[in-house]
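A.B. asks: So the chains spell out like this:
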Amino acid sequence: MRKVLILFLSLITVLSYSLASTRLNSSDISTNDNSKKAFSHALKNLNNDELDKFILGKSFFRIPWVEAPAATTARDGLGPLFSSNTCINCHPKNGAGVAVNKKGELTRSLVLRLSIHGENEPTYGTQLSLNGTFDVPYEGKPQVSYKEILNTYPDGSICSLRKPTYTIIDLQYGALHKNTVIAPRIGLALIGLGLIERIPESAILANSDEGDQNKDGISGRANYVYSLEKKKNMLGRFTWKASAPTVKQQVAAAFNNDMGLTSHLFPNENCTDKQKECLNAPKGRGDKFDVSKARLDAVTYYVSSLKIPTQRNAKKYVNGAKIFKQISCSKCHVPSFITADNLTIHPFSDFLLHDMGKGLSDGKLKLNANEWRTPPLWGIGLYKKVSGEANYLHDGRARSIEEAILWHGGEAKKSKEKFMNLKKEDRQELISFMRSI
Amino acid sequence: MASLSFATISALEAGGYNVQKGWNLLGTGLSDTEISVDNIIDDVEKVFLYDSATGKWSSATSSSKEFKTIGSGKGFWANSTNGGIVDATTSSTPKQSILRTYADIATQNYNDAYNDAVSLKTAIEAFVASPTNTTLQVAKDAWLNSRESYGTTEIFRLSEGPIDAEKGWVNIAYGAHEGQINAWPLDENLIDYTINASGTRTSGNIIDTRGKFTPTGGTEIDTTTISVASLTALNENGGDANVATGYHAIEFLLWGQDQDYSSFITDAITNGALTAGQRAVTDYTTDKNADRRKAYLQASTQKLVNDLKVVKDAWDTTTSVDCSIDATGCYRGAILGILTGADASKNISEDSALKTIMGGMGVFIKSELANERIAVAVLTPSEEDEHSCFSDNTHRDIALNYQGFINILKGEYKGSSKGTSLYSQLNSSTKNAIDALIKKIDAGIASVNSVATSTEHFDYQIKSTSSQNRVIITMKNDMRALGDKMVEVASTLNVSITEDDVTDSDETKI
Numbered sequence: 001m002r003k004v005l006i007l008f009l010s011l012i013t014v015l016s017y018s019l020a021s022t023r024l025n026s027s028d029i030s031t032n033d034n035s036k037k038a039f040s041h042a043l044k045n046l047n048n049d050e051l052d053k054f055i056l057g058k059s060f061f062r063i064p065w066v067e068a069p070a071a072t073t074a075r076d077g078l079g080p081l082f083s084s085n086t087c088i089n090c091h092p093k094n095g096a097g098v099a100v101n102k103k104g105e106l107t108r109s110l111v112l113r114l115s116i117h118g119e120n121e122p123t124y125g126t127q128l129s130l131n132g133t134f135d136v137p138y139e140g141k142p143q144v145s146y147k148e149i150l151n152t153y154p155d156g157s158i159c160s161l162r163k164p165t166y167t168i169i170d171l172q173y174g175a176l177h178k179n180t181v182i183a184p185r186i187g188l189a190l191i192g193l194g195l196i197e198r199i200p201e202s203a204i205l206a207n208s209d210e211g212d213q214n215k216d217g218i219s220g221r222a223n224y225v226y227s228l229e230k231k232k233n234m235l236g237r238f239t240w241k242a243s244a245p246t247v248k249q250q251v252a253a254a255f256n257n258d259m260g261l262t263s264h265l266f267p268n269e270n271c272t273d274k275q276k277e278c279l280n281a282p283k284g285r286g287d288k289f290d291v292s293k294a295r296l297d298a299v300t301y302y303v304s305s306l307k308i309p310t311q312r313n314a315k316k317y318v319n320g321a322k323i324f325k326q327i328s329c330s331k332c333h334v335p336s337f338i339t340a341d342n343l344t345i346h347p348f349s350d351f352l353l354h355d356m357g358k359g360l361s362d363g364k365l366k367l368n369a370n371e372w373r374t375p376p377l378w379g380i381g382l383y384k385k386v387s388g389e390a391n392y393l394h395d396g397r398a399r400s401i402e403e404a405i406l407w408h409g410g411e412a413k414k415s416k417e418k419f420m421n422l423k424k425e426d427r428q429e430l431i432s433f434m435r436s437i
Numbered sequence: 438m439a440s441l442s443f444a445t446i447s448a449l450e451a452g453g454y455n456v457q458k459g460w461n462l463l464g465t466g467l468s469d470t471e472i473s474v475d476n477i478i479d480d481v482e483k484v485f486l487y488d489s490a491t492g493k494w495s496s497a498t499s500s501s502k503e504f505k506t507i508g509s510g511k512g513f514w515a516n517s518t519n520g521g522i523v524d525a526t527t528s529s530t531p532k533q534s535i536l537r538t539y540a541d542i543a544t545q546n547y548n549d550a551y552n553d554a555v556s557l558k559t560a561i562e563a564f565v566a567s568p569t570n571t572t573l574q575v576a577k578d579a580w581l582n583s584r585e586s587y588g589t590t591e592i593f594r595l596s597e598g599p600i601d602a603e604k605g606w607v608n609i610a611y612g613a614h615e616g617q618i619n620a621w622p623l624d625e626n627l628i629d630y631t632i633n634a635s636g637t638r639t640s641g642n643i644i645d646t647r648g649k650f651t652p653t654g655g656t657e658i659d660t661t662t663i664s665v666a667s668l669t670a671l672n673e674n675g676g677d678a679n680v681a682t683g684y685h686a687i688e689f690l691l692w693g694q695d696q697d698y699s700s701f702i703t704d705a706i707t708n709g710a711l712t713a714g715q716r717a718v719t720d721y722t723t724d725k726n727a728d729r730r731k732a733y734l735q736a737s738t739q740k741l742v743n744d745l746k747v748v749k750d751a752w753d754t755t756t757s758v759d760c761s762i763d764a765t766g767c768y769r770g771a772i773l774g775i776l777t778g779a780d781a782s783k784n785i786s787e788d789s790a791l792k793t794i795m796g797g798m799g800v801f802i803k804s805e806l807a808n809e810r811i812a813v814a815v816l817t818p819s820e821e822d823e824h825s826c827f828s829d830n831t832h833r834d835i836a837l838n839y840q841g842f843i844n845i846l847k848g849e850y851k852g853s854s855k856g857t858s859l860y861s862q863l864n865s866s867t868k869n870a871i872d873a874l875i876k877k878i879d880a881g882i883a884s885v886n887s888v889a890t891s892t893e894h895f896d897y898q899i900k901s902t903s904s905q906n907r908v909i910i911t912m913k914n915d916m917r918a919l920g921d922k923m924v925e926v927a928s929t930l931n932v933s934i935t936e937d938d939v940t941d942s943d944e945t946k947i
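Chain order of the listed sequences is A and B.
Using our numbering, read the first sequence as starting at 1 and increasing by one per residue.
Using our numbering, read the second sequence as starting at 438 and increasing by one per residue.
The set of hints was computed from the structure by calculation and includes no laboratory data.
It cannot be assumed that every hint is accurate.
As the list claims (entries may be wrong) - Using 27 Å as the maximum straight-line C-alpha spacing, the simulated DSSO-like pairs for lysine-lysine come out as follows:
| # | chain 1 | residue 1 | chain 2 | residue 2 |
| --- | --- | --- | --- | --- |
| 1 | B | Lys792 | A | Lys93 |
| 2 | A | Lys36 | B | Lys783 |
| 3 | A | Lys163 | A | Lys358 |
| 4 | A | Lys36 | A | Lys53 |
| 5 | B | Lys900 | A | Lys293 |
| 6 | A | Lys322 | A | Lys232 |
| 7 | B | Lys792 | A | Lys44 |
| 8 | A | Lys283 | B | Lys783 |
| 9 | B | Lys783 | A | Lys288 |
| 10 | A | Lys37 | B | Lys604 |
| 11 | A | Lys103 | A | Lys93 |
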């Protein structure tokens with residue numbers, strides 16, 4: 001009897017495995033749409049139940065959450081401290097965030113993380129909230145000023161970079177601790193997250209070279225972080241610092257930090273013990289948490305099931321592709337991976353941390369301040385189309401791909417220098433190639 | 438007996454044939470042009486057809502196929518009881534005829550929607566002049582009636598038409614008023630008091646704020662006087678959920694909240710499965726904000742009439758001589774490809790018109806109706822996500838939105854044929870597949886309707902404990918499949934649309 005049961009179970013395992021591995025074809029995961037809706041398509045061939053989950057997730061991603069207790073009980077629990085009332089505010093049309101608006105003001109796509117030697121700021125917590133519900137004061141207003149720095153190429157052409165300085169005014173709970181480090185982070189484009197999650201860990205680790213054993217000047221460090229879901233250390237793949245091991249954990253973290261919504265993964269409201277109004281504010285009237293397990297699952301499913309845009313005119317830029325490899329961009333922006341379900345994908349990232357030099361350092365000490373996860377480049381040429389404006393790098397300081405390249409330092413310094421020594425046409429071809437991927 | 442008059446047609450007249458009361462001779466004269474008569478006036482009783490090739494006469498009715506095309510050297514004797522214009526085009530291809538049918542349905546349907554909004558305005562004025570339970574009920578009935586004609590127009594959305602075109606001259610000329618006319622879900626807290634889940638009356642809304650009002654996340658607006666202008670400035674100010682105008686704002690002002698929170702959290706507020714919002718008439722008489730509430734109702738209804746007039750005029754059969762100055766009839770003209778002079782550049786090619794229309798039909802029934810309006814409501818499940826949540830009229834919204842789709846597919850309006858349809862062009866296998874889906878959806882709609890009027894409103898039917906939950910889920914799945922069928926429908930006309938074209942992932946109103 002026992003034997004039969006075991007046999008039966010293993011049969012199920014085999015069946016479900018083969019189902020997962022044959023479900024999606026490469027044509028199901030990409031779209032030819034290159035309009036502003038390019039990042040909004042569901043994977044093809046979802047069945048009705050999957051589509052339902054997608055639709056439900058989308059509605060909770062987009063429809064505003066409201067303060068508790070509200071008449072709209074399905075979506076109450078916003079705040080008490082929050083920066084945005086929807087996910088989509090900071091990921092416009094699922095695209096990359098925009099740092100400053102046309103008036104030069106910072107937008108809510110850019111959040112300011114606060115820390116003191118890796119610990120939370122004692123009064124304000126981990127992140128500055130721009131809004132509060134009812135009588136709860138907001139925390140402060142972020143401001144940025146940019147200083148233009150001229151970068152001159154060996155061929156004499158010039159590109160100006162803007163170096164940001166962040167300040168917080170109108171602090172509502174008193175001064176920040178004097179050692180506070182302000183670390184700005186802009187919303188990332190949300191395409192292909194489910195595919196990134198399905199890259200086998202071993203494939204990512206294959207590119208890791210922590211002590212730079214091969215002496216190419218590029219290391220690549222795997223960031224192991226605690227998974228709140230799996231309750232063990234796992235490889236971090238998501239966020240600017242590779243701080244999230246799974247899509248779900250990052251979705252739950254964003255709900256908590258950016259919108260003040262609790263979930264089983266982040267059960268506490270984001271108030272510090274010095275914020276009395278926040279602690280005393282009415283709580284959401286839903287189940288135990290503002291975002292139930294089913295809804296967290298649905299939103300996770302939604303952002304994990306978005307198509308990636310197909311490469312556009314890539315064939316036209318053979319030379320650009322060649323240069324991308326020649327000057328070693330591809331060592332970190334690794335062009336392709338094969339997922340566990342056997343799909344070849346082209347994220348142009350190794351999902352590892354690299355020292356990017358002092359110029360990009362954010363001073364946060366929990367990780368090496370200069371270290372950043374290689375951001376995927378797929379769809380980068382559509383950022384502007386999708387979001388209306390395109391800002392690059394972790395705080396959106398770069399106004400163009402060219403500026404972003406010029407900010408590269410540390411392990412990427414050599415590649416940057418090679419880029420600067422390219423002929424102007426070759427630089428342009430490289431960028432055209434990048435815009436096509 | 439009807440008088441006998443002759444209206445011999447020897448060449449195509451722009452705009453159609455002017456048919457007199459009585460007997461008319463219609464024909465192409467000696468020209469060898471073939472004329473398609475797409476829009477036969479309803480009252481033609483009897484038609485006699487003469488075929489010069491055979492020298493024979495035969496008879497037909499106005500809806501018969503023979504009467505739709507006047508071939509070279511053929512003539513008709515048609516008996517009209519009232520007279521009127523018969524639209525005609527030379528050598529219409531099926532594509533032209535389909536576009537003509539589409540335009541004719543749009544023209545009539547928006548006319549009806551506009552007229553019903555005007556009637557609603559009359560009822561609202563009467564209610565405001567003398568607010569009683571009786572006049573309130575008359576106003577509610579007028580609102581419900583106005584939704585009947587508007588509901589079927591929604592199929593014209595998402596097709597780059599005057600109701601919601603996001604770009605180009607159509608957007609500039611008509612301003613995409615959909616968001617002003619029918620935006621939902623709306624945040625009722627913004628407009629008037631609500632009773633929240635703790636039983637507390639909320640304040641800080643447009644009606645109770647005399648002076649400056651700033652919607653959440655928006656800019657400050659002077660609301661000392663509630664007017665069309667101030668409501669327009671407030672609508673979607675600070676985000677798409679800040680809906681201040683349109684049918685649903687009026688609905689909220691007439692019905693008030695429909696408080697049934699029990700689908701979500703445990704509370705004591707339950708009015709029952711067949712009870713809609715219960716706003717007391719005293720909100721308009723003894724309440725201290727009665728005057729502002731009346732002003733809001735009047736201004737929002739006036740605005741609805743104004744906005745619908747813009748859309749109705751876009752589809753007018755009389756085309757303005759200069760669309761850059763006056764856009765009356767210009768969209769209709771553009772889609773029929775009959776604009777001339779400087780406006781000729783606005784004409785939309787048949788294939789691109791058909792592509793946006795068929796893509797829009799697919800997106801509407803699949804992404805908007807099945808997904809946003811039905812799936813979100815039934816999956817959440819929350820009555821806030823039903824379309825007409827104050828009046829509990831959602832079952833009619835669904836039925837009418839779906840009817841609008843069928844109208845265009847089959848070239849019908851109010852049950853009668855309006856000319857060549859997409860459906861008539863289909864091969865039998867596509868037809869059979871579509872017929873099967875329609876049969877299933879019809880059954881679902883009938884079930885939702887009958888339960889809504891006898892046992893429980895839509896907001897109770899979506900609960901997982903209701904046996905209707907499964908009916909609604911199946912109905913929505915079939916609507917998705919019907920939307921996907923537009924890819925096949927388009928291919929019969931050699932127009933290429935993809936599954937992506939009928940799936941707008943970006944449709945959610947926020």
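A.B. asks: A separate judgement is required for each hint: does it hold in the structure or not?
C.D. replies: Verification of the hints:
1. Lys792(B) to Lys93(A): Holds, at roughly 24 Å.
2. Lys36(A) to Lys783(B): Between lysine 36(A) and lysine 783(B) the Cα gap is close to 24 Å, so the pair holds against 27 Å.
3. Lys163(A) to Lys358(A): 12 Å, holds
4. Lys36(A) to Lys53(A): 23 Å, holds
5. Lys900(B) to Lys293(A): 19 Å, holds
6. Lys322(A) to Lys232(A): 41 Å, violated
7. Lys792(B) to Lys44(A): With a Cα-Cα distance of about 21 Å, the restraint between lysine 792(B) and lysine 44(A) holds, given a limit of 27 Å.
8. Lys283(A) to Lys783(B): Given pair lysine 283(A), lysine 783(B) is violated - Cα atoms ~55 Å apart, limit 27 Å.
9. Lys783(B) to Lys288(A): 57 Å, violated
10. Lys37(A) to Lys604(B): 15 Å, holds
11. Lys103(A) to Lys93(A): 21 Å, holds
Against the hints set out earlier in the document, violations occur for numbers 6, 8, 9.
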